[in-house]
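**Student:** Sequence:
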Amino acid sequence: MSVQTTGIGCGKFRKMRWRPISLVFLVIGTFAGFAPAQSTPPSAEVDVSAIQDRSDLVHLGDLVDIDVVGSFEFDWRGTLTPEGFLDGLDKIEEPVYALCRSEDELSSDVSKAYSSILRDPKVVVRVLDRSNRAVVFLDGAVKFPQRFQIRRPVRLNELLIVAGGITENTSGEITVFRPQNLNCAAPPRESTETFVNVRSDTGPQTLHIKIPDLLSGDKNANPQILSGDVVSVVEALPVYIMGGVNVPKQVSARSRTTLSRAIAAAGGVSKKGIAESVTVYRRENGVTQVIHADLDKINAEAAEDIVLKPFDIVEVGQKGTGKRKFPPVIDKGGFQTSKMVNLPLRIIE
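Going by my numbering, 94 is the number at position 94 of the sequence shown; the sequence numbering is gapless.
Be aware that a few hints might be false.
Lysine-lysine pairs mimicking DSS-like chemistry, simulated, CA-CA at most 27 Å apart [unchecked claim]:
(1) 325 with 249
(2) 271 with 297
(3) 271 with 325
(4) 249 with 272
(5) 325 with 309
(6) 297 with 272
(7) 323 with 272
(8) 319 with 271
(9) 309 with 210
(10) 297 with 319
(11) 219 with 249
(12) 143 with 219
(13) 323 with 309
(14) 319 with 249
(15) 249 with 323
(16) 323 with 297
(17) 249 with 309
(18) 325 with 297
(19) 323 with 271
(20) 112 with 91
Since the hints were derived computationally from the structure, they do not count as laboratory data.
Take these sequences, add in the hints, and give me the full structure.
**Tutor:** Here is the structure:
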């Protein structure tokens, strides 16, 4: 697989080559717990023959050239309207629909349109430039969020590999938002009229994919990614661990994230930490609830292990430090999402 990459403001492309690896190596840190037992991760080798290569069809952003053989007056070069028609081909009465049509199909349609004013016109249609097609955005809980320009068939797992893999902050779900008219998903058609109707009636779609399904090799969880798709590896909401732990940090609040597991993820209780004095601050309905817990009793199964909720603040007591009078405040300014329009661009070809 050949991949080209460019940073913002760079005028040159830098070529990189990636060796196919197993998708299981995308899993980083604690996310390994999401994989089902005895599952076989799918290979990152993309079976191109099994997915549709529709890159030869006309997309929004393409530069289309129409050559009427033997006539300069009726030649035309331009792009498509947002609705998918040739933009500015004004020498004919009815607009010509071009989105997701092949060069041969367009040649036939334009020839029919010109036949009302020309005698037996010979028309040649070519797509001159495909570099302005809608890009794919990949953001969220991946190591290197970025944009992709797709020039060949590609599936979700391949893009995740190129993006450096899934991070431990993932919630376990991926969403693929597919805008209308930015791709050629091959809707059923019998004629130009039915094709246009299907395209206009097909609104944006959102695919919801469970990462364990993707890891287990479920083909339905590894869709083909099309131009204009917005792929988001959903990040889990945070829980904050502070005080007498070895590595105070933010951890991901997934389903059934317990107090003992969260403290273990923060490196466990430090030498100065007091395991018997753990406080959970939970903000709900405008009120802060204070929950006291004893980690030693929890580990001895003498007390219930508290299931944490997103945005809980867990503070492990420390020797020489008194009890707080007020709940701690976490500055969330460092957890803003990246600006997708400024992401680096890679070309998949």
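**Student:** Each hint needs a verdict: does it hold in this structure or not?
**Tutor:** A quick look at each hint next to the structure:
1. Only pairs whose Cα atoms come within 27 Å are accepted, and residue 325 paired with residue 249 is accepted, the gap being roughly 22 Å.
2. For the suggested pair residue 271 and residue 297, the alpha carbons sit about 18 Å apart, so the restraint of at most 27 Å is met.
3. Distance hint between residue 271 and residue 325 is fulfilled; the C-alpha atoms sit about 24 Å from each other, no more than 27 Å.
4. With a C-alpha separation of about 17 Å, the suggested pair residue 249 and residue 272 falls inside the 27 Å cut-off, and the hint holds.
5. Of the supplied pair hints, the one linking residue 325 and residue 309 holds, its CA atoms being roughly 22 Å apart against a limit of 27 Å.
6. The suggested pairing of residue 297 with residue 272 holds, with an alpha-carbon distance near 18 Å, which does not exceed 27 Å.
7. About 15 Å separates the Cα atoms of residue 323 and residue 272, which keeps this hinted pair within 27 Å; it holds.
8. For the suggested pair residue 319 and residue 271, the alpha carbons sit about 9 Å apart, so the restraint of at most 27 Å is met.
9. Distance check on the hinted pair: residue 309 and residue 210 sit about 21 Å apart at the alpha-carbon level, within 27 Å; holds.
10. With a C-alpha separation of about 19 Å, the suggested pairing of residue 297 with residue 319 holds against the 27 Å cut-off.
11. Pair hint residue 219 plus residue 249 does not hold up; C-alpha atoms about 36 Å apart against a cutoff of 27 Å.
12. Among the hinted pairs, residue 143 with residue 219 is consistent with the structure: their alpha-carbon atoms are about 24 Å apart, no more than 27 Å.
13. About 23 Å separates the Cα atoms of residue 323 and residue 309, which keeps this hinted pair within 27 Å; it holds.
14. With a C-alpha separation of about 20 Å, the suggested pair residue 319 and residue 249 falls inside the 27 Å cut-off, and the hint holds.
15. Restraint check for residue 249 and residue 323: satisfied, since their Cα atoms lie roughly 20 Å apart, inside the 27 Å limit.
16. Of the pairs offered as hints, the one joining residue 323 and residue 297 holds, with about 20 Å between alpha carbons and a cut-off of 27 Å not exceeded.
17. Annotation: proposed proximity of residue 249 to residue 309 holds, straight-line Cα distance about 16 Å (limit 27 Å).
18. Using a Cα cut-off of 27 Å, the hinted pair residue 325 and residue 297 holds, with the two alpha carbons roughly 25 Å apart.
19. A threshold of 27 Å between alpha carbons decides the hint, and for residue 323 with residue 271 the separation of about 18 Å falls inside it, so the pair holds.
20. Proximity of residue 112 to residue 91 is assessed by CA-CA distance (about 13 Å); at most 27 Å being required, the pair is judged to hold.
In summary, the one numbered hint that this structure violates is 11.
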